[in-house]
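With chain A fixed as given, assemble chain B onto it according to the hints.
The primary structure of each chain is shown beneath.
There are 2 protein chains.
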Amino acid sequence: MSDTERALKEVDANLESSVAELLELISIPSVSGEEEGRPGIARAAAWLDDALADVGFSSRVVETACNPVVLARSDGPAESGKRLLFYGHFDVQPVAPREAWTHEPFAPEIVEDDGVRRFYGRGASDSKSQLWSFIEALRAWKAANGAFPAEIVIMLEGEEEMGSPSLGDFLEQHREELDCDVAFICDSDMWSPTRPSITTQLKGLVHETVTINAPNADLHSGHYGAVAANPIRILSTILSSLHDEKGRVAIDGFYDGVVEMTESQRKRWRELSDELDGSGEVNLAGGVIEDGYTAIEAMWGRPAADFNGITGGNQGPGGRSVLPGSATVRLTFRLVAGQTPETIRNRFRKFVSDRVPEGCSVEFDGPEGNAAVHLSETNPFLIAAARGLEAEWGQPAVLKGTGGSIPVVGALNDGLGLDCVVLGFILESDAIHAPDEHYDVERFHRGTRSWIRILGEVRGGLRPWKQGSDEEPGRERNIGN
Amino acid sequence: MSDTERALKEVDANLESSVAELLELISIPSVSGEEEGRPGIARAAAWLDDALADVGFSSRVVETACNPVVLARSDGPAESGKRLLFYGHFDVQPVAPREAWTHEPFAPEIVEDDGVRRFYGRGASDSKSQLWSFIEALRAWKAANGAFPAEIVIMLEGEEEMGSPSLGDFLEQHREELDCDVAFICDSDMWSPTRPSITTQLKGLVHETVTINAPNADLHSGHYGAVAANPIRILSTILSSLHDEKGRVAIDGFYDGVVEMTESQRKRWRELSDELDGSGEVNLAGGVIEDGYTAIEAMWGRPAADFNGITGGNQGPGGRSVLPGSATVRLTFRLVAGQTPETIRNRFRKFVSDRVPEGCSVEFDGPEGNAAVHLSETNPFLIAAARGLEAEWGQPAVLKGTGGSIPVVGALNDGLGLDCVVLGFILESDAIHAPDEHYDVERFHRGTRSWIRILGEVRGGLRPWKQGSDEEPGRERNIGN
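Chains as they are written, first to last, in the working numbering: chain A, 20 to 500; chain B, 20 to 500.
The set of hints was computed from the structure by calculation and includes no laboratory data. Be aware that a few hints might be false.
Looking from chain B toward chain A, a few residues come up when the C-beta cut is under 7 Å (computed) [unchecked claim]:
hint: 1; residue: E29
hint: 2; residue: A32
hint: 3; residue: E53
hint: 4; residue: N232
hint: 5; residue: N235
hint: 6; residue: S240
hint: 7; residue: V301
hint: 8; residue: N302
hint: 9; residue: G328
hint: 10; residue: G332
hint: 11; residue: N333
hint: 12; residue: P336
hint: 13; residue: G338
hint: 14; residue: T351
hint: 15; residue: G423
Every value quoted in this text rests on a predicted model; they were computed, and no experiment measured them. Using N, Cα and C, we set each Cβ at its ideal position, and we do this for glycine too.
Looking at chain A on its own, in the form it has when it is part of the complex (with noise of 0.2 Å):
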């Protein structure tokens, strides 16, 4: 029996205590970006700090600016002379609107519904499956073999929901310790529930919150509709400006030095699916996809600017007559490569700021933005999660895009000059960011069982792709869903 075989037994045999283990940090609630979020954080990075250290690491929770990073480190050097970091995030996102679950969303439990055993709760998918997958194979690899196969250093982020604020400061200052061959990211998805994948290119994000304000506090809406400013209409007329009428974000110079996709690129992505995810769940009707594009190809290679949450005035339950004093919108912009996070900032708020009318006032803010990244495909650490994942998956990992942004790469990649490896296992139709988030139990084996495969790969040595095989992306193959 092999290092990897005895690794998977000791996984298989280990699955209802690990996932019982797992339960018990989903119900943790650690929400950032909320004050009352702030005891879960804490609580959730010393429980990890305690289960990396019954795992055997060097662990300590480290404090920042914001909230605590959670650091590991296996001691000393491995026999095979790599050092591999991996990376998760253990804090979650808002539970709003609250009234939309149907299950607690910090008392997850195991629910069988047509033969699949799932769990609720935030943080489920996002992130903490995720992590709690590769702690449990280094775990079990340690368990089975008595050793875990390279050195190993493990970061567990607190605020990565809220846009890191304090990564960038933490990273600088623990260079050298993460300091390693490779950086394997857990924060990403499957292209199907049945078919794995690895996210080399990711969007760059601006988070930008505005506010209009009139220049009185609320009126009665009877008595002064009719003459005075009201900030929801100002605030509609613009962001109803911000698309042009071929979709287009209608910013001057917001597409500015975009880096275009290679026509490889697009022929790739064409050819993976005439539906969105692979899952075919999510209904495009009423979207607009800019002209000229695919939806893929608007997901994963245009620059995006979304609408996520408006709010002013009565809110209800009830008629009230207010005309609002004030109006606040959040929006998001996905970057791509050629666009810097600063720039777009500045144009977006130039582009509102000419449109509020004389006499009423806007505020703007935003944490500090992240550009796009694009990673290798030929990094020998991502084969060698290729060939992983497709031996425990029994089809060959997607090369895949994503609209969505995770600014550790990016920190990790251009920040430290990192080899990034980006995988994960969860599904947009676990609900990721939304009420009722779940995962379930067997894509939690299966993502645990894939990260010994992965361990195995490089343990047993890296090698490139086959030159001309059908293994090589980019190549004729079929990779149809």
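Coordinates of chain B only, in the frame set by chain A:
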């Protein structure tokens, strides 16, 4: 000493005690339109029922399909042979946004600032001080003179702020009991802090709540923002098209049948003031006024569409990257004579439905609306009220319009055929319908004294306007502020 003088003296002597009782009434959270407000509504009704019995009325609480009405009457006909109906409402607007209040909404106490004794609380001005002013005046008249000056009927409504859903049925069922020579409706404002007014023209009102639903529940905006339907974007586009470049409502047929202001009316309103409400406290910068009309004409004489609230997706804090599954706007239409609520509602719903993209859906909701009301300016009770107000305040009462809507006026005037006189003592600067709503002791005192003088005019005998004199409205006279 005349009856009027004796009653004024009694009002003056009892001021502090009367205000203390008023604060007790304001402390009862009688919010209509919210399920949680129901106990407060019941408590306020019982409190008023007791208070009216103490004054010597036969009073009872009449249940309806929605909120109760307190109905009281004096025993038997009075010497004057006249029968007067007094109307007020004891329900209040919701408190939200609670965090914007710097005073407790339901724990009023007197706060002295710059020599003005104010009290803060939801309902302080709209409308508990108003109804308490005529109750205290009637109490004082009886205490000073041994009997009421006329036969009195008092009707206190508990659902005005939610659009009076059961008012029509209540009036129909109590038609005989409510049959009076005049209805004094105390729920309107002064022209300025020093100048009284009577409102003779009120707008109609249609409340609508519109929700745009995407075909999916909330999605991750990074993944699907560039391709799937965004209800905030759809809603913004629709709202921004509701007004045209002339500031007119762009709904087909919206202005059909609209009764234009008379030249005499426009002339009188233009003479009133360059300021908007006589107090000059509202800043119109950034507002859009329909082309061809002054601010006061737009407020009192032109129909309007106002956005009262909007909500969808991430409400913050924190930057949740959500593509929301729905977005909602609450809006009101203010109607003038010639427009019917149902026609406007139907035309608006068609306007929106025509603009919802295929694959998305729209839901509409809204209580029954009411039409605009124009009252006679030669009704002798109105003339008596104008004389009483002028005697108290030392300035002639402005006969004004309002952009606001008081459903009971139409119901009593058009439905029961009662002559109505609409007056009151609140000001927009009292923050009605807004956080930190307040009122002041002096205005309550002078409002109560105004009612004594009006009762004195009614008791003394009704007389028409002195034809051709300064007193007659519409003639040249100095009614500048």
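**Message:** So, as I understand it, the hint says G328(B) touches chain A; can you test that by seeing if any CB pair is closer than 7 Å?
**Reply:** With Cβ-Cβ at 3 Å, under 7 Å, it holds.
**Prompt:** Would the stated hint for P336(B) survive a check requiring a Cβ distance to chain A of less than 7 Å?
**Reply:** holds, 6 Å
**Item:** V301(B) as chain A interface residue, shortest Cβ-Cβ below 7 Å
**Value:** The hint holds - V301(B) has a Cβ within 7 Å of chain A, the shortest such distance being about 6 Å.
**Message:** Using the nearest Cβ pair, does N232(B) come within less than 7 Å of chain A?
**Reply:** violated, 10 Å
**Prompt:** Does the CB of N302(B) sit less than 7 Å away from some CB of chain A?
**Reply:** Constraint on N302(B) satisfied, holds at 4 Å.
**Asked** Does G332(B) pass the interface check with chain A, least Cβ-Cβ distance below 7 Å?
**Response** Result: holds, 4 Å to nearest chain A Cβ.
**Asked** Holds or violated: is there a CB of chain A closer than 7 Å to the CB of N333(B)?
**Response** OK, holds: N333(B) within 7 Å of chain A, min 3 Å.
**Prompt:** Measuring from the C-beta of G423(B) to each C-beta in chain A, is the shortest one below 7 Å?
**Reply:** Status holds, d = 3 Å.
**Prompt:** Does E53(B) pass the interface check with chain A, least Cβ-Cβ distance below 7 Å?
**Reply:** With Cβ-Cβ at 6 Å, under 7 Å, it holds.
**Asked** Against chain A, is T351(B) within 7 Å by beta-carbon distance?
**Response** holds, 6 Å
**Item:** Closest C-beta approach of N235(B) to chain A relative to 7 Å, hint status
**Value:** Hint on N235(B): holds, closest Cβ of chain A at ~6 Å, below 7 Å.
**Message:** A closest beta-carbon separation below 7 Å is what the hint needs, so does S240(B) meet it against chain A?
**Reply:** holds, 4 Å
Of the hints listed earlier, those the structure fails to meet are numbers 1, 2, 4, in rising order.
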